[in-house]
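Participant: Order-wise, the sequence lines are chains L and R. Quick note on our numbering: the first sequence kicks off at 1 and runs consecutively. Quick note on our numbering: the second sequence kicks off at 1 and runs consecutively.
Derived by calculation from the structure, the hints in this document are not laboratory data. Ideal Cβ placement from N, Cα and C applies to all residues, glycine included. One should not assume that every hint holds.
To be verified - Which stretches of chain L does chain R cover? Using the computed rule of at least three CB atoms under 8 Å from a CB of chain R, they are:
(1) 41 to 54
(2) 94 to 102
(3) 241 to 254
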Amino acid sequence: MTVLAASAWSQPFFHHALLAGTFIALAAGLVGYFLVLRAQVFTGDALSHVAFTGAMAALAGGYDLRVGLFVGCVGAGLLLAGIGRAGRADDVVIGSAFAWILGLGSFFLTLYTTSRSGAMGGAGTSVLFGTIFGLDGGQTLVAVLVAAAISAVMVLIARPLLFATVDEAVAAARGVPVRLLGFGFLALVGACAGEATQAVGSLLLLGLLAAPAGAALRLTVRPFVGLALSAGLAVGEMWAGLAASALIPSLPPSFAIMAAATAAYGATFLFRPTVGSAPRPVAA
Amino acid sequence: MPLADASSTGWSWNLVADFQQMWSYPFMVNAFRAGAVVAVVAGAVGWFMVLRRQTFAGHTLSVVAFPGAAFATLVGISLSLGYFGFCVAAALALAALRRDGQAGGAGESAATGVVQAFLLACGYLFMALYKGLLEGPQALLFGSFLGITTGQVAVLAVVGVVVLAVLAVIGRPLLFASVDPQVAAGRGVPVRLLSTLFLVLLGAATAEAAQITGALLVFALMVLPAATAQVLTARPGLSLLLTVLIGFAVTWLGLVAAFYWPYPLGFFVTTFAFAGFLAAHAARALQGVRARSGGTLLQAGAA
Numbered sequence: 001m002t003v004l005a006a007s008a009w010s011q012p013f014f015h016h017a018l019l020a021g022t023f024i025a026l027a028a029g030l031v032g033y034f035l036v037l038r039a040q041v042f043t044g045d046a047l048s049h050v051a052f053t054g055a056m057a058a059l060a061g062g063y064d065l066r067v068g069l070f071v072g073c074v075g076a077g078l079l080l081a082g083i084g085r086a087g088r089a090d091d092v093v094i095g096s097a098f099a100w101i102l103g104l105g106s107f108f109l110t111l112y113t114t115s116r117s118g119a120m121g122g123a124g125t126s127v128l129f130g131t132i133f134g135l136d137g138g139q140t141l142v143a144v145l146v147a148a149a150i151s152a153v154m155v156l157i158a159r160p161l162l163f164a165t166v167d168e169a170v171a172a173a174r175g176v177p178v179r180l181l182g183f184g185f186l187a188l189v190g191a192c193a194g195e196a197t198q199a200v201g202s203l204l205l206l207g208l209l210a211a212p213a214g215a216a217l218r219l220t221v222r223p224f225v226g227l228a229l230s231a232g233l234a235v236g237e238m239w240a241g242l243a244a245s246a247l248i249p250s251l252p253p254s255f256a257i258m259a260a261a262t263a264a265y266g267a268t269f270l271f272r273p274t275v276g277s278a279p280r281p282v283a284a
Numbered sequence: 001m002p003l004a005d006a007s008s009t010g011w012s013w014n015l016v017a018d019f020q021q022m023w024s025y026p027f028m029v030n031a032f033r034a035g036a037v038v039a040v041v042a043g044a045v046g047w048f049m050v051l052r053r054q055t056f057a058g059h060t061l062s063v064v065a066f067p068g069a070a071f072a073t074l075v076g077i078s079l080s081l082g083y084f085g086f087c088v089a090a091a092l093a094l095a096a097l098r099r100d101g102q103a104g105g106a107g108e109s110a111a112t113g114v115v116q117a118f119l120l121a122c123g124y125l126f127m128a129l130y131k132g133l134l135e136g137p138q139a140l141l142f143g144s145f146l147g148i149t150t151g152q153v154a155v156l157a158v159v160g161v162v163v164l165a166v167l168a169v170i171g172r173p174l175l176f177a178s179v180d181p182q183v184a185a186g187r188g189v190p191v192r193l194l195s196t197l198f199l200v201l202l203g204a205a206t207a208e209a210a211q212i213t214g215a216l217l218v219f220a221l222m223v224l225p226a227a228t229a230q231v232l233t234a235r236p237g238l239s240l241l242l243t244v245l246i247g248f249a250v251t252w253l254g255l256v257a258a259f260y261w262p263y264p265l266g267f268f269v270t271t272f273a274f275a276g277f278l279a280a281h282a283a284r285a286l287q288g289v290r291a292r293s294g295g296t297l298l299q300a301g302a303a
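Using the sequences provided together with the hints, build the complete structure.
Facilitator: Right under this line is the structure:
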């Protein structure tokens, strides 16, 4: 077992996965914190399904998978921001829209698998559940750059976005561009969803967005500490998951990462049953 | 006979002949029966789900059907048992997590998201452990109406009747608790118990529907007809009836379309349902415009 583990540690695919995973987790932790604080987790859920349809549409049309991911997710993020008042859409409208988008995804999947018989039969599964160990050097570089850009923008807009999240009316009165921030934030969530799909897959990225942020919100009420904690937890969980799946070859990395994230989130229930109330989100 | 079959496989606008042709295959008869049961049960439960704004919880329960089915395949128990076991267990877990967080708060939605992602990851693990499931995941996620047996239809019908009966018993207090939880609690309605019970019903209904539409698209059958009906009318009884009718219509239309065209059932069902949803919104917007222009006409007449 140790021989196997040692061989996995030194493989280039593991280094790529570690590098890309670290930055993807960092971006997901930062974006996820605001997603949970703004009570928009369901929007993240919707975007994760859009990611699947976008990827399948790109594959069926013969384009690069990542083009579909980013165009689909950022477009859907802007659309969801557009149909809601002040950048918040109604849950039922989101649910209705993404139920159909998912149906469309199954259509593109059929189109793709019947037009290219057998060659890439596992493409649907790999988009749904991720293939972090399958990234090559170029893909890793793009993933790192995109994730670093998302993280930098999040850090830059963190202050006004926090203000707009906690008290929208006062922020608007003080001249904070609340609506623009709402749009920009959902576009960032879309980009982050497209990015994280490559690591853990479109079905599981919700865990990467929600679990570290949920744990951070339970542990501290101070927003910037919480933001840093969320990013740190996400990166730590990514490392733990990758290490676990390198040690135990039959464990898929996506599952190991989710298991680490869930364990950390569950642990917050044991250590600190209740820490007052987190910074209150504006009622959705 | 095979020749006649081959010449008449296309859609022929002769409805009687088309249905006769489809129902000459036992698997299609079963698919239509199962579709009818699922549409009615999912519609009725989904109506309350939309009213209570629990779409996220509903979606989480619906995707849980996937690990349930994957687990059943892995250990070799009946698929129905896997579906129902996982969905009802997840419903109880959500109800327990809901207890200490405030309803609709940031903490609750994060908890729901974590439950969903973790269970899906478990589904992936079960699938990875069960090496032979090459084509399975897509059928489990997106559904297949080809292999429904008469026994499965019977199970679906029994569960459907039980769910509808419980819903009929708790319907009135649940409606009260959904519309105004505080007043309902003040009047002595057991709001928390009802909420837990409703989540379990939701779990059972999604487990049932997942067997025909697949885990990812159950949610469409629950949310779309109900959302459409609630746009069209505000009266509870009427919109509940409308929900069931719309669900029934889109499921059967979807089955007919999926029989004649080589695309997945889920795609047709969601597309028809979403078209209905958009049409309902358009109709209401048009009504609003007409009412407003009527108002200006009246004003013009007065001036």
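Participant: Compare the structure with each hint and give your call.
Facilitator: These are the hints, each one checked on the structure:
With 5 residues bearing a CB less than 8 Å from a CB of chain R, the stretch 41 to 54 of chain L meets the requirement of three and the coverage assertion stands. With a cut-off of 8 Å between beta carbons, the stretch 94 to 102 of chain L has 7 residues touching chain R; three or more are needed, and the interface restraint holds. Figure legend: the stretch 241 to 254 of chain L, annotated as covered by chain R; annotation consistent (4 residues with Cβ-Cβ distances under 8 Å, at least 3 required).
Violation of the numbered hints given earlier is absent; every hint is satisfied by the structure.
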